[in-house]
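**Student:** Here is how the chains run, residue by residue.
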Amino acid sequence: MTGPTVSSPLLSVNSLKVYFPIRKSLFGRSKEWVKAVDDISFTIKEGQTVGLVGESGSGKTTIGRTIVRLQDPTSGSILYEGKPIHNLSQKQFRPYRKKIQMIFQDPHNSLNPRLTIESILREPLDIHFPGMEKKQKKEKIVELLEKVGLSAEHLYRYPHEFSGGQRQRIGIARALAVGPKLIICDEPVSALDVSVQAQIINLLMDLQQEFNLSYLFISHDLAVVEYLSDYVLVLNKGRIVEEGTPEEIYKHPKDAYTKKLIASIPSI
Amino acid sequence: MLLQVEDLHVHFLTQSGEIPALRGVSFSIEKAESVAIVGESGSGKSVTALSLTKLLESPPAIYKKGKILYEGVDLLSLSQKELRKYRGGEIAYVFQEPSTSLNPVYSIGFQLLEAIELHQPHLKDKKSVGLEVLQKVGIVDCQMVWKSYPHELSGGMQQRVMIAMALLCKPKLLVADEPTTALDVTIQAQILELFAKIQKDLAMSVLLITHNFGIVKGFSDRVVVMFRGQVVEEGPTEKVIYSPTHPYTKALIDCVPRLGEKGKRLRAIDYSLIESSLNL
Amino acid sequence: MNEKRSYIKELLRNPFGGSACLILLLLYLIAILAPFLAPYEPSDQDLKKTYHPPTKIYWHSARFVVARYKNVDPSSATYKVIEGEFCPLKWFVHGYAYRLLGIFPSDIHLFGVEKPDRVYLLGSDNTGRDVFSRLVYGSQVSLSIGLIGVSITMILGLLIGGLSGYYGGWFDNVVMRLTEFLMAVPALYLLLALRGIFGVKFSSAQVYFLIVIILSFIGWSGFARVIRGLVLSLRSQTFVDAAIVLGQSSIKILLKHLLPNLASYLLVSAALSIPGYILGEAALSFLGLGIQEPSASWGLMLAQAQDMKVFMLNFWWLLTPGIAILITVVAFNMLGDVLRDLVDPKFRIYQTKRG
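Residue numbers (the numbering used here), protein chains in the order written: chain A, 1 to 268; chain B, 1001 to 1280; chain C, 2001 to 2355.
Rather than coming from a laboratory, the hints here were simulated on the basis of the structure.
This list has only true hints and no planted wrong ones.
What the simulated footprint calls covered on chain B by chain A, stretch by stretch (three residues with Cβ under 8 Å from a Cβ of chain A suffice, anywhere in the stretch; the number is not a length):
{"id": "1", "segment": "1180–1187"}
{"id": "2", "segment": "1211–1221"}
{"id": "3", "segment": "1248–1258"}
{"id": "4", "segment": "1265–1273"}
Because the structure is a prediction, the values reported are computed rather than measured.
Don't be surprised by glycine CBs; every beta carbon is placed ideally from N, CA and C.
Input sequences plus hints: build the corresponding full structure.
**Tutor:** Written as structure tokens, this is what we have:
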């Protein structure tokens, strides 16, 4: 990263590689690999948003999933407040789940259809605040709902009773429940109408202000990324092809791929 | 005038009674014109597209009232059997998810041949017709694509194949229902370019359904803006975008993210304001 | 249009679903109340009245009376009604003692006649036992074996298939090869072979449990495979990822996030596989490897009806257990079909409106 570093990074990713085996030989040894993420490094400071732009197959989602340990890295390191978290067991990683949360792309799939909103939001509290009293939990759940623009009347409804935008709000409330410092936003607005997209982006900006959150904002839409990001990484085929502040990138794109991305943005 | 929709009312039967999806939709499409219907989910834009050849299953859909005049014939009054002549042959469709529209177990070539067999059974050299149409949608390596299976192609390629299939019978009207929503931005730009080129080359009419005003500009001649089952504004694209008359249109245009506006809040739609101006 | 759907209401409103539920409810009531409904114990013989036809019951001087019969030709079991002779049919009579549901002691029976007269609603068999009583008692075996068998199969299938799908790896490999082996062997031969391993010297209760265990052992493999597939596909749903990211434990993810999403499938598949157990028991008993005399089961009763005399002399009443099996199997299949239509996701897509 360029520029002076004022505060030490909240998260730093160093030469991260994630390879997937495609064909296995007779003895189970993999012969060929897909290099989904190939030597990626970046840092996220407290209160900062880093945007990750790329198209399908660029490895952007894999990076997010590797940070929250839904995927094991092949090599490289991930440090949270200076401590390595990429080689921890799932059990050792558990305390970090309180610090790092995730918002998912598909609002239709990311909420369990059989659970009410109340039990969806109670789950993170049950896991990380086992000592909290029932009444306190309920108050906290209502507070979370209100924070994301919903209300107590929605508590006992099921996910299918909500629109895509509302479901995404519930997903955001679930991530906020544990009081995280960093949220991985994996294409949170790609599946939504542009009008709803605007609401969700505004909500994310408000929440960032209020809770001093850091975001890793993953999207295929440079225009959206640009709105919230302090720093942007352009990804193509698992590698960073260009990085810089949003202004630098859209005003003076250097890489051919970045130029193509900018030219493709539908504009009014 | 190729197609004229007049005061179309479509309702849906649900457990909680009949729900109106379209409440008097009227618009028209000229020959070789491209029109876009813009609206949010729930606005009835897809219902409108599917109603054109009565593709909605009925029930639960009920065609309550109105006319759909295609070259003077009211399609709404035709039987499903009579409508088959129009589907594909006159009015062809391209949908959002190309991966689900193609059958995963047959090769692209086989599926194209099948479609040709269905509409032009007397054709001699069916394969060359199929290859030709693949070329028309900008697929360079036709022979390769002909032999491949859907999963071997990227989303953009699959959508090209779907467009090729739609073009097979030389329809006069191509209805594209959110054809680029599932695609990456660069691919989206290519597909839209392709639509524009085909439309010009074949002098075909195109009806584009979308939620994004961004992709309408520079593509369609005219725009129809829909909100809660009604048309709130209609007009030439440039005019609607630069001087929208309805507050909803303005709001819908405003919420499109633009480059170079970092840190600003996006302008979200204030529905209460719009509802009060609509008198629903 | 987005209200939570009440499956029970819809199920009962459906003509097939409603009647299937009604029939099954009746059948299970009969099984539970068997000792009360049956006038005789299933083993109660009367060697003077073998192959007795169903007794005629008619209305005479303000009460029901049962006709008396005379054995005209003992060699061919031909009975004739003795004109003018009858005995009164009594309601709520005292008879042999029993315990309802194994708890409440009683000796009251719904109906009966004074000894030595006998009432045979559905005739008697080769030792003069009441077919109706045996049918009613037999329903206990046939109906319960389906429920218990399916429960055991489901638990086995859920446990093995669920773990297999969730964890994958070597466990998955071993389990799947095992299920393939089990599915490759034809079910009936496997059934017979397994039964053959154990001897025949068992008490009725032991045989009953043996049958349940054997049937479950055969049934779990297919079930586990389906569960594994469902868990695999559910496992890739984002809400499972979300739970992992929240730090939820694997076992809780299985119980809280995966199992409830399998519930509708489990229900349908249970309803559709119960007939298999009923038929399996009937087949074993029919072949003499199942429930043993003097206990009653529908399969066993059919086996006894498999006698030249029955066909030559038209003792049709001995075939009633077959009708009972048919009704039960059809009712369960109907229930399963209707349930499947209700929970089929396609049905729900049909209901959602497009934008």
